[in-house]
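S.K.: Listed below, chain by chain, are the residues.
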Amino acid sequence: MTTGIPYPEALSRLPPGGAQPMRPDPLPAPELLARHHPDHIGASRVTLAVGANRGDTCPPEVARLLQSNALVDDLDLAGAPLHTTDVLVVGGGGAGCAAALVAAAKGARVVLATKLRIGDSNTVMAEGGIQAAVGAEDSLQAHFEDTMRTGHFAADRALVARMVTDGPDVIRWLIRQGVSFDLATDQSACSRLLLKRAGGASAARILSYRDYTGLEIMRVLREAVDLDPGIEVWDGCPAVELLSDDYGACAGAVIYNLEWHSFVLVRSRATILATGGSGRLHLDRFATSNHYGATGDGLVLAYRIGAKLREADSFQYHPTGLAHPAWLAGSLISEAARSLGATLVNGLGERFIDELQPRDVVAAAMLRECAEGRAIERDGRTGLFLDSPSLEAREPGILGRRLVTLCHLAEKCGIDPAREPLLVHPTLHYQNGGVAIDASGFTGVRGLYCAGEVSGGIHGRNRMMGNALLDILSFGRRAGAKAASKLGGVRPGRAGIGHVYEWQRQLTAAGLPLHVKGPALFPSYGHFDLRADAGLRSGKGRIGSGRTTR
Amino acid sequence: MHRLNQVLLAMDRLVGADLAGWLAHGGGTGLARALDHPAGVIGVLAEADLRGMGGAGFPTHRKWAFVAAAGGSGGDRYVVCNGNEDEPGTFKDRFLLEHAPHQVIEGALIAATAVGANHVILYVNPHQTEALRTCREAVAQWLDHPLLARLAAQLGGAVTLAVVPSSGLYIGGEETAVVATIEGGFPFPRKKPPYPGQSGIRGAPTLINNTETLAHVPHILREGAAWYRDLGVGAACGTKLYSLSGDVLRPGLYELPMGTTLEDLIFSFGGGMLQGKEFKAVFTGGPSNTLLTKRDLDVPLDFESVRERRSRLGTGAMIVISEGTSIVRKVAEYVQFFADGSCGQCPPCKGGTFQLARLIHRIDTGRGIRADLEALENLCRILPGSGRCGLIDGAVTVVDSSLHTFREEYESHLLGR
Amino acid sequence: MAGTIVRATVDGRAVEVPGGQSILQAYVAAGHTLVEGVGCMGLGVCGSCRVLVRRAGAAEVRAELACQSLIEDGMQVSFLAYFKAERPHRYRIEDVADSWRMLDKVPEVFPEAAHCRHCSGCDRACPKHLEVQIGVERAVAGDLTAAAAAFDQCIMCNLCTLACPEHIRPNHLGLFVRRMVASQTLRPVDLLQRLHQIAEAQMAVDPDAPGGRAPAG
Numbered sequence: 059m060t061t062g063i064p065y066p067e068a069l070s071r072l073p074p075g076g077a078q079p080m081r082p083d084p085l086p087a088p089e090l091l092a093r094h095h096p097d098h099i100g101a102s103r104v105t106l107a108v109g110a111n112r113g114d115t116c117p118p119e120v121a122r123l124l125q126s127n128a129l130v131d132d133l134d135l136a137g138a139p140l141h142t143t144d145v146l147v148v149g150g151g152g153a154g155c156a157a158a159l160v161a162a163a164k165g166a167r168v169v170l171a172t173k174l175r176i177g178d179s180n181t182v183m184a185e186g187g188i189q190a191a192v193g194a195e196d197s198l199q200a201h202f203e204d205t206m207r208t209g210h211f212a213a214d215r216a217l218v219a220r221m222v223t224d225g226p227d228v229i230r231w232l233i234r235q236g237v238s239f240d241l242a243t244d245q246s247a248c249s250r251l252l253l254k255r256a257g258g259a260s261a262a263r264i265l266s267y268r269d270y271t272g273l274e275i276m277r278v279l280r281e282a283v284d285l286d287p288g289i290e291v292w293d294g295c296p297a298v299e300l301l302s303d304d305y306g307a308c309a310g311a312v313i314y315n316l317e318w319h320s321f322v323l324v325r326s327r328a329t330i331l332a333t334g335g336s337g338r339l340h341l342d343r344f345a346t347s348n349h350y351g352a353t354g355d356g357l358v359l360a361y362r363i364g365a366k367l368r369e370a371d372s373f374q375y376h377p378t379g380l381a382h383p384a385w386l387a388g389s390l391i392s393e394a395a396r397s398l399g400a401t402l403v404n405g406l407g408e409r410f411i412d413e414l415q416p417r418d419v420v421a422a423a424m425l426r427e428c429a430e431g432r433a434i435e436r437d438g439r440t441g442l443f444l445d446s447p448s449l450e451a452r453e454p455g456i457l458g459r460r461l462v463t464l465c466h467l468a469e470k471c472g473i474d475p476a477r478e479p480l481l482v483h484p485t486l487h488y489q490n491g492g493v494a495i496d497a498s499g500f501t502g503v504r505g506l507y508c509a510g511e512v513s514g515g516i517h518g519r520n521r522m523m524g525n526a527l528l529d530i531l532s533f534g535r536r537a538g539a540k541a542a543s544k545l546g547g548v549r550p551g552r553a554g555i556g557h558v559y560e561w562q563r564q565l566t567a568a569g570l571p572l573h574v575k576g577p578a579l580f581p582s583y584g585h586f587d588l589r590a591d592a593g594l595r596s597g598k599g600r601i602g603s604g605r606t607t608r
Numbered sequence: 005m006h007r008l009n010q011v012l013l014a015m016d017r018l019v020g021a022d023l024a025g026w027l028a029h030g031g032g033t034g035l036a037r038a039l040d041h042p043a044g045v046i047g048v049l050a051e052a053d054l055r056g057m058g059g060a061g062f063p064t065h066r067k068w069a070f071v072a073a074a075g076g077s078g079g080d081r082y083v084v085c086n087g088n089e090d091e092p093g094t095f096k097d098r099f100l101l102e103h104a105p106h107q108v109i110e111g112a113l114i115a116a117t118a119v120g121a122n123h124v125i126l127y128v129n130p131h132q133t134e135a136l137r138t139c140r141e142a143v144a145q146w147l148d149h150p151l152l153a154r155l156a157a158q159l160g161g162a163v164t165l166a167v168v169p170s171s172g173l174y175i176g177g178e179e180t181a182v183v184a185t186i187e188g189g190f191p192f193p194r195k196k197p198p199y200p201g202q203s204g205i206r207g208a209p210t211l212i213n214n215t216e217t218l219a220h221v222p223h224i225l226r227e228g229a230a231w232y233r234d235l236g237v238g239a240a241c242g243t244k245l246y247s248l249s250g251d252v253l254r255p256g257l258y259e260l261p262m263g264t265t266l267e268d269l270i271f272s273f274g275g276g277m278l279q280g281k282e283f284k285a286v287f288t289g290g291p292s293n294t295l296l297t298k299r300d301l302d303v304p305l306d307f308e309s310v311r312e313r314r315s316r317l318g319t320g321a322m323i324v325i326s327e328g329t330s331i332v333r334k335v336a337e338y339v340q341f342f343a344d345g346s347c348g349q350c351p352p353c354k355g356g357t358f359q360l361a362r363l364i365h366r367i368d369t370g371r372g373i374r375a376d377l378e379a380l381e382n383l384c385r386i387l388p389g390s391g392r393c394g395l396i397d398g399a400v401t402v403v404d405s406s407l408h409t410f411r412e413e414y415e416s417h418l419l420g421r
Numbered sequence: 161m162a163g164t165i166v167r168a169t170v171d172g173r174a175v176e177v178p179g180g181q182s183i184l185q186a187y188v189a190a191g192h193t194l195v196e197g198v199g200c201m202g203l204g205v206c207g208s209c210r211v212l213v214r215r216a217g218a219a220e221v222r223a224e225l226a227c228q229s230l231i232e233d234g235m236q237v238s239f240l241a242y243f244k245a246e247r248p249h250r251y252r253i254e255d256v257a258d259s260w261r262m263l264d265k266v267p268e269v270f271p272e273a274a275h276c277r278h279c280s281g282c283d284r285a286c287p288k289h290l291e292v293q294i295g296v297e298r299a300v301a302g303d304l305t306a307a308a309a310a311f312d313q314c315i316m317c318n319l320c321t322l323a324c325p326e327h328i329r330p331n332h333l334g335l336f337v338r339r340m341v342a343s344q345t346l347r348p349v350d351l352l353q354r355l356h357q358i359a360e361a362q363m364a365v366d367p368d369a370p371g372g373r374a375p376a377g
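Residue numbers (the working numbering), protein chains in the order written: chain A, 59 to 608; chain B, 5 to 421; chain C, 161 to 377.
Think of the hints as simulated: they come from the structure by calculation, not from any bench. A couple of the hints might just be wrong.
[To be verified] In silico lysine to aspartate or glutamate, EDC-like type, Cα no more than 20 Å apart, as pairs:
hint: 1; chain 1: A; residue 1: K164; chain 2: C; residue 2: E254
hint: 2; chain 1: C; residue 1: K244; chain 2: B; residue 2: E381
hint: 3; chain 1: C; residue 1: K244; chain 2: A; residue 2: E317
hint: 4; chain 1: A; residue 1: K366; chain 2: A; residue 2: E469
hint: 5; chain 1: A; residue 1: K164; chain 2: C; residue 2: D303
In this text, all values refer to a predicted model and were calculated from it rather than measured experimentally.
Same shape as in the complex, but just chain A:
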């Protein structure tokens, strides 16, 4: 491991006022990414040997789960009760709630099953805001092109066009549900929305509510779902496998009830996976800003039943994850800090990157500083300074007024951000790729839809700030509407885990081990063993052994 510059020394080199010039950079952005972005470091890539993406590469942690065997056998499900519904939504974040609300509004009976509790998701943690091109100087086309360019033109143009066009309507829908947004002026009647500019954007387009936009959206959507008589919410109920019919269509899911330690088979006309991302797989041992349940379950289940993935090797590392102290490592400092003018400074007191470059470029530049020994080291943690004192010096009061969450975080670190900089390091933040979908969230496997971070094609190989919240609501609503429609579902028939046997044949033919099981359900340090928890054969110990439930 490379070492950094000791903290006290680095601190003494931090120029007061933060007016230091940028260090000239001989390396063009593509070269910087190729050399320093984790996506491009070839040694950490594995080629998939089975499934719809055979031949593609992805990180080993993801490949291991994508090519895993099912957690359950048919016999394990003996005696499991059968529940039927029109639409099964798996996942209780923003995408799942939006899908459930729209499906229920169209008259479908909806079961929303979620591993943790409804609302416990990356959505609730989103700080920065949501993009929608409403500014007079802005346009849908600009939003479209910014998104394509930031994603290195890898995204599906049709999907991006749909999403950006949905933007203003998504905001209207949110306001109708009761979500607030910050306004540019205090004048309340017919004010303009407060717009912030995201890194890589050609116009100010971020709408926000303070710096907890995700919380504002999530608490409203959760309440709307909870109060909707057409939606049953099942907390503590992860999907452990999908159900398939004789024709290979998705016919529901096997749900595990963590409280009852037992399985339920949910037979549905349409199934929407809104399971979110995979930061808790800690690729390359990166800390993550993701919530506890982000273990890529939907990706694994969809792949096993035959769905195709895209850009599954591409992840976003948010530049400003907290690096110190250890217990808060990975916690996110919103991009809003950089939008408002906070700079990044290395251990030599130099600015080394334009902080408003796209996230992947900024993260790669930071990783370069770390790799080349110019980062700051404190108590064994390595990072770079986010120069909040200079920002406060330039605009007194701005931290307390505009960066509430940052101030809370600094308080937990035991520092005053107006006087002392925060130590930051890129943190695993977002799964850029995912299950390939069409404009209605359809995966190509009949009866199966995906929405939100689990899906791919919208952000290409790098996501813009604020496009994630738009994505989940745009495609969550689309998937919910299509799933609830007459043509969106599959006819009730026999449902089982037949596709799993076919999968096992493929695994065996490819010489892959059958003892590796997936999806992960919980991070490895969560010490969860489904078979033990359910008291299944070959499970270790008795039901629920080793576990505390509440």
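Given the structure of chain A, go ahead and fit chains B and C onto it with the hints provided.
M.R.: Below, chains B and C alone, put in the same frame as chain A:
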């Protein structure tokens, strides 16, 4: 066999609101004696060793003496008869207030004489509508009685005698909550000290006694302390109302000599176990105390003897459980009662009883795992003493005790045991 | 202090780990299984990791968030399940049809709110230290702006709903007020204009425009 229902529940004293009927069967004498020698009343109670029958068993004379000595002379003083009785398995006070309210009222007037109180309040649970109605009727009959006028003359001013409905909530029985309610507020328990005896209703010294406690007083004054002492078994004094319920053949309210054994109560008076089943345990009222089990059948039911078995006599409620009844389900029921009854002022009480109830409910409904037992025991260690009143402590005691005594039964409910 | 070993108990399980980590982190670091009572795990916004905490030597037991409190030596912790009120308030935000009647909606949907006993149980239960009781008071008084502000940072952990002896469900009341105000009054003119342009086909995306494609070479 001991004599049954010889004082409070004697047939000829169950006259309801009929004051003349009460006066014809020994009523009035006690109060008259007290008015003759007000300064001697507390001494008589001390000699009789009368205890607080609401659960604590605190010597009544000490409480009276404390109030009598509180503050200066002059100003208001209150006597409150606490008839909020609401907990599962206790049904003695409502019976007294419905069928023999005058002995209670006379007891309260004697208390007023002894502590110099010019306000006497019957604080009655409004859910017991019949008791409330009878009390109002009974109080009205006292208002122009000469004894009341004598009391007023002695105190040098008017004496009020009134019925105040309580909130009917369980916490409303806690002394500071009684004060809060009578002052017109919600029955939120308050921090102690100050105790109501020092500073109670609107800051005035306030004596709060359980209904049954006050009912004993006129008889003691009339017949004398020695007579009262002799009613008890062994060292115990007087009689006690036992609310017997659960899996017995003849549940009901029994007045028996203080110190009657549990076995006598259940098998001689209660007619033994329902269906002839094996005796398993008793929740004493309650139900917030340590469970009594088979080896406690010989325990004399008085405050000291039960305390020696590490439990408490409480209100004298005995909820009997046979082998055919689930301890876990009973505890779940009672803990839910406490969770609902917790007022929410203290987060650990509201949160703690909620979590206790949830865990036990889970075990009771077949979803429990071993870790739930550990979590329960953990709560039993964290929670005691964390509330303003004793509600959380009572809930913890019954959980802890049942977990300790009937662990196997809990374990037999667990998934994949 | 970071590094020093601390000994604590969480849900009856021994936790013996280096200090300087949150209760949640300490719990999993000690090897225990964690599948509920956890969400964002560090940000303090999801309200899932509610715990009762008694610190060594303290008589007081406090309601806190396990991802926000550091583990300490001698700490005793119990997780608190998510409380769901038995009689959930039922409303559809769309049904607040007439914004001139917003004030009537508060007592209509939350009739209990007027019964506040001012016991401060909600304030004491709030792990975010919000002024819950004042928020309820303002909502009842019809000061919707002040009520909305009081609940601005609410994470909907439901501990105030659990605490309230009058079953007011303060956090849901606060959210109701906030939703009602936003849905009835927020009409940003720039959004209206853009929606109009899209509806009138005056603005659309051309997915084939050069700006959406990788530059040649």
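S.K.: Now tell me if each hint is right for this structure.
M.R.: Structure-based check of all given hints:
1. A:K164 / C:E254: holds (15 Å)
2. C:K244 / B:E381: Answer violated: K244 (chain C) to E381 (chain B) is near 24 Å, above 20 Å.
3. C:K244 / A:E317: holds (15 Å)
4. A:K366 / A:E469: violated (45 Å)
5. A:K164 / C:D303: Cα-Cα ~36 Å, so violated.
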